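Colleague: Each chain, written out:
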Amino acid sequence: MNYALTKEQEFVKQMVREFALNEVKPIAAEIDQTERFPMENVEKMARYNMMGIPFPVELGGAGGDNLSYVIAVEELSKVCGTTGVILSAHTSLCAGVVYSFGTPAQKEKYLIPLAKGEKLGAFGLTEPNAGTDAAGQQTTAHIEGDHYVINGSKIFITNGGVADTFIVFAMTDKTKGTRGISAFIVEKEFKGFSIGKLEDKLGIRASSTAELIFEDCIVPKENLIGQEGRGFGIAMKTLDGGRIGIAAQALGIAEGAFDEAIKYMSDRKQFNKPLSAFQGLQWMVAEMEVKIEAAKQLVYKAAWCKDQGLSYSVEAARAKLFASEVAMEVTTKAVQIFGGYGYTKDYPVERMMRDAKITEIYEGTSQVQKMVIAASVLK
Amino acid sequence: MNIADYKGVWVFAEQRDGILQKVSLELLGKGKEIAEKLGVELTAILLGSNVDKLAEELVAFGADKVLVANSHLLKHFTTDAYTKVIAQLVKERKPEVILVGASYLGRDLAPRLAARLVTGLTADCTGLDVDMTTRNLLQTRPAFGGNIMATIECPDHRPQMSTVRPGVFEKLARDNQAKGTIEEVKFELEESDIRTKVVEAVKSLKDIMDISEAKIIVSGGRGVGTKENFALLKELAEVLGGSVAASRAAVENGWVDKAFQVGQTGKTVRPNLYIACGISGAIQHLAGMQDSDYIIAINKDATAPIMGAADLGLAGDLNRIIPELIAQIKAIKA
Amino acid sequence: MNIVVCIKQVPDTNEVKIDPKTNTLIREGVPSIINPDDKSALEEALVLKDSIGAHITVISMGPPQAEKVLREALSMGADEAILITDRAFAGADTLATSNALAGAIRKLDYDIIFAGRQAIDGDTAQVGPEIAEHLDIPQVTYVEKVELMGNELKVRRALEDGYEVITVKTPVLLTAIKELNVPRYMNIKNIYTAFQKEVKIWTANDIDVDKALLGLAGSPTKVRKSATKEAKGLGELINKPAKEAAEYAAHKLKELHII
Numbered sequence: 000m001n002y003a004l005t006k007e008q009e010f011v012k013q014m015v016r017e018f019a020l021n022e023v024k025p026i027a028a029e030i031d032q033t034e035r036f037p038m039e040n041v042e043k044m045a046r047y048n049m050m051g052i053p054f055p056v057e058l059g060g061a062g063g064d065n066l067s068y069v070i071a072v073e074e075l076s077k078v079c080g081t082t083g084v085i086l087s088a089h090t091s092l093c094a095g096v097v098y099s100f101g102t103p104a105q106k107e108k109y110l111i112p113l114a115k116g117e118k119l120g121a122f123g124l125t126e127p128n129a130g131t132d133a134a135g136q137q138t139t140a141h142i143e144g145d146h147y148v149i150n151g152s153k154i155f156i157t158n159g160g161v162a163d164t165f166i167v168f169a170m171t172d173k174t175k176g177t178r179g180i181s182a183f184i185v186e187k188e189f190k191g192f193s194i195g196k197l198e199d200k201l202g203i204r205a206s207s208t209a210e211l212i213f214e215d216c217i218v219p220k221e222n223l224i225g226q227e228g229r230g231f232g233i234a235m236k237t238l239d240g241g242r243i244g245i246a247a248q249a250l251g252i253a254e255g256a257f258d259e260a261i262k263y264m265s266d267r268k269q270f271n272k273p274l275s276a277f278q279g280l281q282w283m284v285a286e287m288e289v290k291i292e293a294a295k296q297l298v299y300k301a302a303w304c305k306d307q308g309l310s311y312s313v314e315a316a317r318a319k320l321f322a323s324e325v326a327m328e329v330t331t332k333a334v335q336i337f338g339g340y341g342y343t344k345d346y347p348v349e350r351m352m353r354d355a356k357i358t359e360i361y362e363g364t365s366q367v368q369k370m371v372i373a374a375s376v377l378k
Numbered sequence: 000m001n002i003a004d005y006k007g008v009w010v011f012a013e014q015r016d017g018i019l020q021k022v023s024l025e026l027l028g029k030g031k032e033i034a035e036k037l038g039v040e041l042t043a044i045l046l047g048s049n050v051d052k053l054a055e056e057l058v059a060f061g062a063d064k065v066l067v068a069n070s071h072l073l074k075h076f077t078t079d080a081y082t083k084v085i086a087q088l089v090k091e092r093k094p095e096v097i098l099v100g101a102s103y104l105g106r107d108l109a110p111r112l113a114a115r116l117v118t119g120l121t122a123d124c125t126g127l128d129v130d131m132t133t134r135n136l137l138q139t140r141p142a143f144g145g146n147i148m149a150t151i152e153c154p155d156h157r158p159q160m161s162t163v164r165p166g167v168f169e170k171l172a173r174d175n176q177a178k179g180t181i182e183e184v185k186f187e188l189e190e191s192d193i194r195t196k197v198v199e200a201v202k203s204l205k206d207i208m209d210i211s212e213a214k215i216i217v218s219g220g221r222g223v224g225t226k227e228n229f230a231l232l233k234e235l236a237e238v239l240g241g242s243v244a245a246s247r248a249a250v251e252n253g254w255v256d257k258a259f260q261v262g263q264t265g266k267t268v269r270p271n272l273y274i275a276c277g278i279s280g281a282i283q284h285l286a287g288m289q290d291s292d293y294i295i296a297i298n299k300d301a302t303a304p305i306m307g308a309a310d311l312g313l314a315g316d317l318n319r320i321i322p323e324l325i326a327q328i329k330a331i332k333a
Numbered sequence: 000m001n002i003v004v005c006i007k008q009v010p011d012t013n014e015v016k017i018d019p020k021t022n023t024l025i026r027e028g029v030p031s032i033i034n035p036d037d038k039s040a041l042e043e044a045l046v047l048k049d050s051i052g053a054h055i056t057v058i059s060m061g062p063p064q065a066e067k068v069l070r071e072a073l074s075m076g077a078d079e080a081i082l083i084t085d086r087a088f089a090g091a092d093t094l095a096t097s098n099a100l101a102g103a104i105r106k107l108d109y110d111i112i113f114a115g116r117q118a119i120d121g122d123t124a125q126v127g128p129e130i131a132e133h134l135d136i137p138q139v140t141y142v143e144k145v146e147l148m149g150n151e152l153k154v155r156r157a158l159e160d161g162y163e164v165i166t167v168k169t170p171v172l173l174t175a176i177k178e179l180n181v182p183r184y185m186n187i188k189n190i191y192t193a194f195q196k197e198v199k200i201w202t203a204n205d206i207d208v209d210k211a212l213l214g215l216a217g218s219p220t221k222v223r224k225s226a227t228k229e230a231k232g233l234g235e236l237i238n239k240p241a242k243e244a245a246e247y248a249a250h251k252l253k254e255l256h257i258i
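Protein chains in written order, with numbering that gives the first Met the number 0: chain A, 0 to 378; chain B, 0 to 333; chain C, 0 to 258.
Chain A on its own, in the form it takes in the complex (with noise of 0.2 Å):
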C-alpha cells in the first residue's frame, strides 16, 4: 500500500498553498463579512489552470488526476471555505457532469470553457419540497418542438447567484417517479431563466447561494444530458464525486482551525506559561490530530479509488461523513483554545466554526450518507 502522494500531486499541493496564503487568505474575512463573491480569486484560479484539474487538456482541463484536485480543495479551504466550495461545486458538480455524461458536441461547448474557468458552474437539483428526497422533484419539463420549455425552481445553489452554466433536473414524465427526471444544460442568458432570493447564511457566507428560477425557459434540446428519464442517476452518481469534494472542504476546515489553534498556544500565556504547556490542551490537541488524519486518509482514499476506475460510493460517503463531523468538532474546539479572543472576528476560528456546519448538510446530509453506508453493508 503506497500511501505516498505522487511529484505531482506534492507540487499542487505546493502550489494551492502558496496562492491560498498569498491570494486568499488575505480577503478571506472580509468577503465573508461582507458576503462578497470573490470573483478575484476564481479569475486567479482559472489562470492558473486549477478550474479542471481532473479533466484533460484537449477538454481544457489541466490533466491532472482527483486526488490533485482535491488537494486543491482542501488547501484552499484551509484559508477560506467560501473558496474551496466555490471550486468544488463547480468542478465535480458541473464541469464534471458534462465531462462523464455529456456528448463530444456539449464536451466542445460547455466543458472547455468550464475547465478553462472562462465560465463558472453550479449544480440545480434541491427545490423547496425536495431536499433529502431529491426524486420528489415538482421542476416540469416537456418537450415542444426543437426545444423543452422548464417551469418551476431551485433553491441553495452553490454559485447559483454567478455562475454561467448550470445542470438542472426536471421532472420530463410524472408518471415514471425517479425514472421520469431528466438532466438539462442551462445557460443563464437562455429566456424564461432568473436568479431569486440569494441567502443570508450562517456560514460560507461568501459563497452564492441562489434561488433560480424557471418560467417557461427555453432550453434546445441537444442540451438534454443523456437520455430522458436518466436524470435521477446523473445526479446521483454526480453527487458520489461531489461528497469527495464536499470532504476536502471539511478537511481544509478543520486543518486550517488546527494550524491557528497550534500558533495560538505557543504565543498565548497564561499562569506565566504558554497555553502548549497545559497537558490537558495538549490531549486536546493530540485528539484533534489523530481525527484529522483519519479523516485525511478516508477523502484520499476515495479519490484515489475514483482515480483508479473503481466504484467510490461508499468511500465517499465515508469521507464525507466523517470529515464533516471532525470539521465542526475540530473548530469548535479551536474557538475554544483561543477562549474569549475566538469568539470574536479578530481572529478566524470563529468564521471556521461557522464555515463548518454546512459540510454536514449539503451534498447528502450526514444521515444520508448513513443510508448510503448502512445500504452497502446491510444489501
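Hints in this document: simulated from the structure, not taken from any laboratory. Treat the hints with care, as some may be off.
[What the hints assert, rightly or not] Over 12 Å on every C-beta distance to chain B, these chain A residues come out as not near it, computed from the model:
| id | residue |
| --- | --- |
| 1 | 28 |
| 2 | 188 |
| 3 | 313 |
| 4 | 340 |
| 5 | 343 |
| 6 | 345 |
| 7 | 369 |
[As the list claims (entries may be wrong)] Computed list of lysine to any residue pairs in SDA-like fashion (alpha-carbon distance at most 25 Å, straight line):
| id | chain 1 | residue 1 | chain 2 | residue 2 |
| --- | --- | --- | --- | --- |
| 8 | B | 64 | B | 146 |
| 9 | C | 251 | C | 226 |
| 10 | C | 251 | B | 293 |
| 11 | C | 251 | B | 185 |
| 12 | B | 266 | C | 14 |
| 13 | B | 74 | C | 224 |
| 14 | B | 93 | B | 126 |
| 15 | B | 170 | C | 168 |
| 16 | B | 257 | A | 21 |
| 17 | A | 262 | C | 20 |
| 18 | B | 257 | A | 12 |
| 19 | B | 185 | B | 15 |
| 20 | C | 16 | B | 300 |
| 21 | C | 177 | B | 170 |
| 22 | A | 12 | C | 30 |
| 23 | C | 144 | B | 15 |
| 24 | B | 257 | A | 56 |
| 25 | C | 20 | B | 146 |
| 26 | A | 24 | C | 29 |
| 27 | C | 253 | B | 185 |
| 28 | C | 48 | C | 226 |
| 29 | C | 228 | B | 271 |
| 30 | A | 108 | A | 32 |
| 31 | B | 93 | C | 216 |
| 32 | C | 228 | B | 64 |
| 33 | A | 24 | B | 248 |
| 34 | C | 196 | A | 56 |
| 35 | A | 272 | C | 231 |
| 36 | C | 20 | A | 56 |
| 37 | C | 224 | B | 225 |
| 38 | B | 266 | C | 20 |
| 39 | A | 295 | C | 28 |
This structure is a prediction, so every number in the text was calculated from the model and none was measured. Just so you know, even glycine gets a beta-carbon here, dropped at the ideal spot from N, CA and C.
For chain A, the structure is supplied; the task is to place chains B and C on it using the hints.
Modeller: Chains B and C only, in chain A's frame:
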C-alpha cells in the same frame, strides 16, 4: 602569483556626479588601520572626469597616495570601463588588499574585477582584521540571512578583495594638514571597450507603500494621542529611512490609514527594526510584529506587555524620547 | 530568442531558527525554495516568453535534490532544465561556482542570461557578475525593468536613491532584484508536463571548463571559522531620562549597523 610581490592597501574611492561617497571615506579610515598594521601605504583609487579636487579630499581623509584616472569615458560609472582601468592598475602595481564600498555600484564592480583578476572577494564585511603571522586579511561577514557570522581568508591569491557596507566603519576626522601624493595615471581605454550606455539617470525617493516590505518601521498606538502627533513618528521614520505603521487603536481613531495597520486584523511585518511607540502590546498586535529582528518599545508604562516582547524597552514619555532619539541619530549619521 | 536563467535552491532563511541551548542553526524542517531574486529573474524571462516567444533554459549548480527547484521552474513555464552536479564542485566559493556555471552555459545558445542579484543564504551578489566576466559579456545588475527593442535591451537598474536607464546589446547578463516583478505561481497544467520532461544532469566532465578552477581547489576564499549569532536573549529595560534613554537606543542602533 608570488604573494610577496603584492604590497599596499587600496581603497576604491567611489564618486557619483563629482561627489565622493561617504562609504569610501569610511574605508579610508579602516584602510589606514590595516595599512599601519601591515606597514604599507594606503592608496585611494579615483576614477572620473576632472575630479582632482576630490583627490585632495581623499588625502585629507587619510590616503597616503591617490591614483587618479582621468577621462570623459570614466565620468559616469560603467562596469566595463572601471573594471578595465582598475585591473590594469592592479596588474602594474600589485596591491595586497583592495577595499570597495558595498554600494549598488560597488557590488557591480567588485565581483567583475575579482573574476578578471582571478582572486577572492568577500562581500558585505562587517569586520576586517589582519592575521599578523600570515599577513592575511581576516574578513568577517554575516551569512544565512544574518544567522551566521563567518570569518573568511584569501590565503593564496592577491589582491584580497572585500566590499563593506556604508556605516560599518568610521571615517577619520578631516585633516587639512595631511600630506599625500596625488598621481595621475596612464591607462588604456577606448569607447569601444564600453558595452553599456547610460541614457538616463534619475533621482527619486523610494516610496514604500506596502509596510510588509519595509526594513525599518516606526509604529504608533493609542499612546501617540492625536493624529497630529504622528508627525513625530514620521520624522523618526524618515531619519531612519523607514516607514510609519500603526496599531489598530490608532487606525480606529482615524489617525492613520488602515493600510498601515500591523496586527492580527492588519498586516504581518518582519522588519530589521520595529519601534513601537505608545503601543501597549495586546496579543493581537504582537501577532503582527513579534518576529521582527530587533524591537524597541517606547511606553510610559514599564509593565506594558510590549516591554516583554521588546529587545529594548525605553520607559518614558514618547514625546520627549522621540525628539532626543531623532537628534542622536542625526548626529551619528552626520 | 534563447534565454538562460540561473537559479539556486536555498533554505528559506526566514524560517531558520537558532537553538538557544546549543547555539546552532536548526536546519531540519526548513523548507528549500527557489532563491527569491532568482524567481524574479525567471519571471522576467517568462514575461519575455509570453510577449515575444523565447526558449527558456533554467540551470542550477547543486546537490541532486536541487532537481526540485528545476522542476518548479519548469512548472512555472520554463522549457528546459539542466542540473550541474558533481562532487568536484564541493566547497566552491563564488569564483569556483561561477566557473562551473559559465562552463555549462558555454555549451548553450543564449541571447540573455538572467540571474538573481543574490542568494538569501550566501548574500554575496557575486556569482552573476563573475559569470558575465568568464563569458566576456556585458552585465547590468540590480535590474528593475527590462524592455526589448530589437536586439538591444533598455534596462532600468536601481540605485540607492533612484535609477539609471541603460541600453545594451545582447548577449548580456542581467541580475534581477525582487522589485523587478511579482513572480507567478506554478501552473497546474505545467506541473503535469514538467514531470514528463527530462532534467538533464551534467557533471564536471560535461561542462567546458578547466577542472582546476572548480570546487575547493578553485576557491581563492576559504572559511576560517563560522559562528551562529547569539539567540535572542531577554530584552533590556531602560528607565532613565529621555536624553540618556535616547542615547542608549541610538548607540544600540549603531552597534547593530542599522544606522
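Colleague: Which numbered conditions among the earlier hints are violated in the structure presented, ordered from lowest to highest?
Modeller: 1, 4, 5, 6, 8, 11, 13, 15, 18, 20, 21, 24, 27, 28, 30, 32, 36, 37, 38
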